[in-house]
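2 protein chains.
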Amino acid sequence: MSLVRVHNFSISLDGFGAGEGQTLETPFGHAGSRLMEWAFETRTFREMGLHGTTAGSRGVDEAFASQWGNGVGVEIMGRNKFGPQRGPWQDEEWKGWWGDNPVFHTPVVVLTHHPRPVLEMEGGTTFHFVDADPAAALEQARALADGGDVRIGGGAATVRQFLEADLIDHLHVVVVPIILGRGERLWDGLEGLEERFDIEATPSPSGVVHMVFSRKAAPQD
Amino acid sequence: MSLVRVHNFSISLDGFGAGEGQTLETPFGHAGSRLMEWAFETRTFREMGLHGTTAGSRGVDEAFASQWGNGVGVEIMGRNKFGPQRGPWQDEEWKGWWGDNPVFHTPVVVLTHHPRPVLEMEGGTTFHFVDADPAAALEQARALADGGDVRIGGGAATVRQFLEADLIDHLHVVVVPIILGRGERLWDGLEGLEERFDIEATPSPSGVVHMVFSRKAAPQD
Ligand SMILES: NC(=O)c1ccc[n+]([C@@H]2O[C@H](COP(=O)([O-])OP(=O)(O)OC[C@H]3O[C@@H](n4cnc5c(N)ncnc54)[C@H](OP(=O)(O)O)[C@@H]3O)[C@@H](O)[C@H]2O)c1
Ligand SMILES: NC(=O)c1ccc[n+]([C@@H]2O[C@H](COP(=O)([O-])OP(=O)(O)OC[C@H]3O[C@@H](n4cnc5c(N)ncnc54)[C@H](OP(=O)(O)O)[C@@H]3O)[C@@H](O)[C@H]2O)c1
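Sequences listed follow chains E and B, in order.
Going by the working numbering, the first residue of the first sequence is number -6, and it counts up by one from there.
Going by the working numbering, the first residue of the second sequence is number -6, and it counts up by one from there.
Chain E on its own, in the form it takes in the complex (with noise of 0.2 angstroms):
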């Protein structure tokens, strides 16, 4: 059975996915741009092509960006990833955040109340607008995915349900040294979350903690 995995998912000191207020000109909120510039600096990023031209880092926190890919067949996010539009679609011009080309070359399952026809973009990403429930949405995913593993792709909403349903294999975090105070948080709902897996932490120069949660058990299914 195929792996369910989340890479490179930032939270603050105090636990927050994202800020509050996301809009057009500020994804993550109030947060701006400081949960992911440790990512930003990496060479994996760098050849996203989004975030700055130079060659990019190849330490440790390369080391664990670049796993984001290999291997992996389709991603979920929720919606609030995919735009900063709320309720029903008012612009279905929107295309999510990544340009014509987006970065995942792979089929996205976009987790919505509010679905709407599937999107193709350039580079082999489609964007599938899906609302159901994880395990549901899990199956759909898996038959998108050609064999390959399943990423979830945020936001903390969206990790969240998946970590509830027990449905996640391999969990990265990064602990970034900033106390945001406000936002959507990781953690909530989640206690006891630590007897499910094995956990291992590994601070980077950067500053930030990358966190490791491996599920000690095999997959139920």
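Any copy will do: because identical chains look the same in the list, a pair fits if it lies in one copy or spans two.
Pairs of lysine to any residue residues, derived as SDA-like cross-links and limited to a Cα-Cα distance of at most 25 angstroms, are as follows: (1) Lys209 <-> Arg27; (2) Lys209 <-> Pro198; (3) Lys88 <-> Val123; (4) Lys209 <-> Ala56; (5) Lys209 <-> Pro196; (6) Lys209 <-> Glu30; (7) Lys88 <-> Arg39; (8) Lys209 <-> Ser26; (9) Lys209 <-> Gly25; (10) Lys209 <-> Ser(-5); (11) Lys209 <-> His23; (12) Lys88 <-> Gly14.
Keep in mind that the hints were calculated from the coordinates and are not lab data.
Using the hints provided, position chain B with the ligands relative to the given structure of chain E.
For chain B with the ligands alone, coordinates are given in the frame of chain E:
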């Protein structure tokens, strides 16, 4: 000017410094001993005589734990660290969790809205019950410290107040890889705290991550 320091303050991944439901049998509420287990294994905590009799570790956990007493002339603690009673004292026989000869061996200022007479214990510990805001409590503590540093001993509500008032020079926080889900949060109300501190993270083989916050500017006064 003497320094104001926090040592060995242990929080869960979701930021709680104690669980819910503190009682005489469970000083950390539903957290049980999980927040402090890393410390109980160290030589410093073993020598306090409260947590087992074998020799104790001398690795990175001990290196941090052992800083707790060096040069400290007084502790300030919250009333909930002192004991499980709430509201007006029902039982003035209660003398803290630490027996007749407490581990402090210095004056200890206990913050409370319900002052009571000074308690003199064996071994140099005296408990002073003080109703004062952080700045005034610090002044009283310094007068008792005989030139030594001031340790802020917790719990979360107390550390948080002194951080809000920008009175802390050195903060050692230990992040324990558990999700408590409920209890007293350390970081609430401290948005932007990182701007005032240099922050360093060191993981331990025990699984915890030591975080040291060193104040950027010299104390203001
Ligand atoms: N920290 C990181 O590493 C990271 C990673 C990715 C994204 N982000 C940031 O995180 C923020 C978004 O995170 P978020 O926690 O606010 O939201 P999110 O997880 O991206 O999306 C939540 C929304 O998705 C829809 N949804 C989720 N589960 C569903 C289900 N089972 N069935 C139907 N619809 C479902 C709902 O929208 P509707 O009901 O409106 O359809 C829900 O409000 C953005 O600011 C983004 O930039 C951060
Ligand atoms: N994680 C750790 O490393 C660590 C360290 C120490 C303790 N703890 C645990 O933390 C828990 C206690 O923490 P907590 O956050 O609940 O409470 P706390 O900080 O120990 O005490 C808070 C109480 O102290 C009094 N107080 C605080 N500031 C005051 C002020 N400026 N003026 C007057 N009174 C003031 C108030 O009590 P009244 O109004 O009732 O007088 C307040 O409710 C305990 O479970 C303890 O075992 C954990």
